[in-house]
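K.L.:
Chain residues, written in single-letter form:
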Amino acid sequence: MRSYLLGTLDRDQKTQFEERLIIDPSAYEDLLLGEEDLIDEYVAGELSALERDQFESHFLITAERQKNLRFGKLLQNYVNSHIEESPVPVPAFSFLQQPARRWVSVGLLATILGAAGIIIIRGFVNRREAASVVQQSSSRVMTVTLAPGSAGTHGSTAQRVNLPPHGVEVKLELQLANPTFRNYKSELFRENTSLKISDALRIEAKGEQRVVPFTVTGEMLSPGDYQVKLSGVLDSGADEFIDNYSFRVIE
Amino acid sequence: MNKNWSLSQEAFDALLDWLDSDRELAGIKYEQIRSRLIKIFTGRGCIDPEELADETINRVTSKLTDIQQEFTGDRARYFFGVANKVHLEYLRRKTPQPQSAPADSARIELEYHCLERCIARLSEEDRALLLKDYGAKGRTQSERRKVLADELGISLNALRIRVYRIRTALKECIEKCIQDSL
Numbered sequence: 001m002r003s004y005l006l007g008t009l010d011r012d013q014k015t016q017f018e019e020r021l022i023i024d025p026s027a028y029e030d031l032l033l034g035e036e037d038l039i040d041e042y043v044a045g046e047l048s049a050l051e052r053d054q055f056e057s058h059f060l061i062t063a064e065r066q067k068n069l070r071f072g073k074l075l076q077n078y079v080n081s082h083i084e085e086s087p088v089p090v091p092a093f094s095f096l097q098q099p100a101r102r103w104v105s106v107g108l109l110a111t112i113l114g115a116a117g118i119i120i121i122r123g124f125v126n127r128r129e130a131a132s133v134v135q136q137s138s139s140r141v142m143t144v145t146l147a148p149g150s151a152g153t154h155g156s157t158a159q160r161v162n163l164p165p166h167g168v169e170v171k172l173e174l175q176l177a178n179p180t181f182r183n184y185k186s187e188l189f190r191e192n193t194s195l196k197i198s199d200a201l202r203i204e205a206k207g208e209q210r211v212v213p214f215t216v217t218g219e220m221l222s223p224g225d226y227q228v229k230l231s232g233v234l235d236s237g238a239d240e241f242i243d244n245y246s247f248r249v250i251e
Numbered sequence: 001m002n003k004n005w006s007l008s009q010e011a012f013d014a015l016l017d018w019l020d021s022d023r024e025l026a027g028i029k030y031e032q033i034r035s036r037l038i039k040i041f042t043g044r045g046c047i048d049p050e051e052l053a054d055e056t057i058n059r060v061t062s063k064l065t066d067i068q069q070e071f072t073g074d075r076a077r078y079f080f081g082v083a084n085k086v087h088l089e090y091l092r093r094k095t096p097q098p099q100s101a102p103a104d105s106a107r108i109e110l111e112y113h114c115l116e117r118c119i120a121r122l123s124e125e126d127r128a129l130l131l132k133d134y135g136a137k138g139r140t141q142s143e144r145r146k147v148l149a150d151e152l153g154i155s156l157n158a159l160r161i162r163v164y165r166i167r168t169a170l171k172e173c174i175e176k177c178i179q180d181s182l
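If you read the sequences in order, they're chains U and S. Residue numbers for the first sequence follow my numbering, beginning at 1 and rising by one. Residue numbers for the second sequence follow my numbering, beginning at 1 and rising by one.
If you are wondering where the hints come from, they were derived from the structure by calculation, not from laboratory data. Just to be clear, a hint being listed does not mean it is correct.
[Unchecked claim] A few chain S positions that, by computed beta-carbon distances, are all more than 12 Å from chain U:
{"hint": "1", "residue": "D20"}
{"hint": "2", "residue": "S35"}
{"hint": "3", "residue": "G45"}
{"hint": "4", "residue": "D48"}
{"hint": "5", "residue": "E50"}
{"hint": "6", "residue": "R59"}
{"hint": "7", "residue": "K63"}
{"hint": "8", "residue": "D66"}
{"hint": "9", "residue": "F71"}
[Stated by the list, open to error] Cut-off 20 Å, straight-line C-alpha distance, at most; resulting in silico cross-link-like pairs (SDA-like, lysine to any residue):
{"hint": "10", "chain 1": "S", "residue 1": "K85", "chain 2": "U", "residue 2": "Q16"}
{"hint": "11", "chain 1": "S", "residue 1": "K85", "chain 2": "U", "residue 2": "P148"}
{"hint": "12", "chain 1": "S", "residue 1": "K176", "chain 2": "S", "residue 2": "R77"}
{"hint": "13", "chain 1": "U", "residue 1": "K229", "chain 2": "U", "residue 2": "R182"}
{"hint": "14", "chain 1": "U", "residue 1": "K206", "chain 2": "U", "residue 2": "R248"}
{"hint": "15", "chain 1": "U", "residue 1": "K171", "chain 2": "U", "residue 2": "A63"}
{"hint": "16", "chain 1": "S", "residue 1": "K29", "chain 2": "S", "residue 2": "R75"}
{"hint": "17", "chain 1": "S", "residue 1": "K171", "chain 2": "U", "residue 2": "K229"}
{"hint": "18", "chain 1": "U", "residue 1": "K67", "chain 2": "S", "residue 2": "K171"}
{"hint": "19", "chain 1": "U", "residue 1": "K206", "chain 2": "S", "residue 2": "R75"}
{"hint": "20", "chain 1": "S", "residue 1": "K171", "chain 2": "U", "residue 2": "E29"}
{"hint": "21", "chain 1": "U", "residue 1": "K171", "chain 2": "U", "residue 2": "V216"}
{"hint": "22", "chain 1": "S", "residue 1": "K176", "chain 2": "S", "residue 2": "Y164"}
{"hint": "23", "chain 1": "U", "residue 1": "K14", "chain 2": "S", "residue 2": "R107"}
{"hint": "24", "chain 1": "U", "residue 1": "K229", "chain 2": "U", "residue 2": "L201"}
{"hint": "25", "chain 1": "S", "residue 1": "K176", "chain 2": "S", "residue 2": "R75"}
{"hint": "26", "chain 1": "S", "residue 1": "K29", "chain 2": "U", "residue 2": "A27"}
{"hint": "27", "chain 1": "S", "residue 1": "K171", "chain 2": "U", "residue 2": "E191"}
{"hint": "28", "chain 1": "U", "residue 1": "K67", "chain 2": "S", "residue 2": "W18"}
{"hint": "29", "chain 1": "S", "residue 1": "K171", "chain 2": "S", "residue 2": "R117"}
{"hint": "30", "chain 1": "S", "residue 1": "K29", "chain 2": "U", "residue 2": "Y28"}
{"hint": "31", "chain 1": "U", "residue 1": "K67", "chain 2": "S", "residue 2": "R144"}
{"hint": "32", "chain 1": "U", "residue 1": "K14", "chain 2": "S", "residue 2": "R77"}
{"hint": "33", "chain 1": "U", "residue 1": "K67", "chain 2": "U", "residue 2": "L33"}
{"hint": "34", "chain 1": "U", "residue 1": "K196", "chain 2": "U", "residue 2": "K206"}
{"hint": "35", "chain 1": "S", "residue 1": "K176", "chain 2": "U", "residue 2": "Q66"}
{"hint": "36", "chain 1": "S", "residue 1": "K171", "chain 2": "U", "residue 2": "Q227"}
{"hint": "37", "chain 1": "S", "residue 1": "K132", "chain 2": "S", "residue 2": "G153"}
{"hint": "38", "chain 1": "U", "residue 1": "K67", "chain 2": "S", "residue 2": "K132"}
{"hint": "39", "chain 1": "U", "residue 1": "K171", "chain 2": "U", "residue 2": "V141"}
{"hint": "40", "chain 1": "S", "residue 1": "K132", "chain 2": "U", "residue 2": "L33"}
Every residue gets a Cβ at the ideal spot worked out from N, C-alpha and C, and that includes glycine.
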C-alpha cells in the first residue's frame, strides 16, 4: 500500500493492485486509510528523507491530497496546542505519595498530608508552571517541536506554547525536511525585531525525524507571536534560507 | 469517441440500468467506480484525475449499446480497461503541470478557526479520541495507535477506521464552515 502511494511499485505490481482496487471494496478502504496515515507521518516528520521526497514528488500530485495535507497540518497544530492543557503530575506529589503509602504511620501520614496540602495550594498558584512541565525533560528545559511553514505572523494557526516559568530554558526543535547542511543558523523574531541569533547549530536525530535545536531563555518570551528563521550555512559562510517557523506564547 | 459527444440524461440512465437494475444500487455502483477510477489516475500521477475518470465513464457510456451485447463479467473491470486507454492518451497529450499556489494566510486563519469550531461540535468521546490519537509526544503514529487500540480494547484497524470517520466528518464540517464564511 505504502509503496503504491509513494509511487515505487513496479509496473506489474501496480497493475495488480489497481485491478484489485477497482473491484475489491476492502482494497479501496485500505487505500483511504493509508493516505491518511502517510499524511500524518509526513506532518509528524516520521518519514525517511527518501520517503519525504517520494511523498512530495508523487503523492502530493493532486489538489485533493494537497488539501488533505493542509488539513493534517492544521489538525496537528491544534492537537499540539491542546495536549499541553492535559493534567500533568507534578514530581513533588509522586515523591510524597509512594513513601506515604508504604512507610509512614498515621501520625506521620497526617504530617505529610499537611505538607502535601501546602504543596497543592502552591500547585494551584503555579498552575501555569505545572502545565508547562509537560514539555520538560529532567532538567529545567522545556522542549517545543515546531513544524516548518506555519502561518507567519498570523498567530492563530501557529503552535501554542505555554509561557515558560522563570529559570526555564526553551529548546525549540525545528523540524527539517531535507538535512543537507552541516551547520545551521536560527534567528528568533518578535514583530520583526530580532531577539536572538545562534549559528553553528547541528542537526539532531529524533526518531526518524531530524531537527535543529535552538535554545532560548524563558525570560526572552512573553505572551505574543514569534517567528524563527532557519538558514543553512554554506561552506563559504554565507546563509541560505530554509524555512520559517511560528509559535504563539500564551499565558 | 466522438469529441462532440456529451452525456445526456438518457445515456446516463442507460448506464445506470447496465450497472444494476435497482436504480439505488446502480447509483452506489456508479459512485464507487468513479471514486476508484479517480484513485487509479491519482496513483498514476495524473494531476486531473476527476476529469480522466469522467472521460472514462463517458467513453463507456457512449459505447454502451455495443458493450451490452459483447461484454460479460464484472462491469467495473470494463471501466478499468477503458481507463488504461484514456491514460495512454493522457500521457501523449500531457502538458507541464502547474504548481499549485500555497494557501494564503487569511485562508489558513479561516481554516483553523473553522477547525476549532468543528472540533468543538464533536462528541466528547470523539474529541478525546482524536487528541489521544495525535497527541502523545515522543511516540510514532504506529506506536501511539497500538497503545490506544489496546486501551480501547479494539483492533488497530477498527481504530484507524474510527479516526478516519471522525476526520472525514471534520473535513466536511470545515468545508461547510468555510463556504458559510466566504
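K.L.:
Identify every previously stated hint that the structure contradicts and give their numbers, smallest first.
P.N.:
Of the numbered hints, 2, 3, 4, 5, 11, 12, 14, 15, 17, 19, 23, 25, 27, 28, 31, 34, 36, 38 do not hold.
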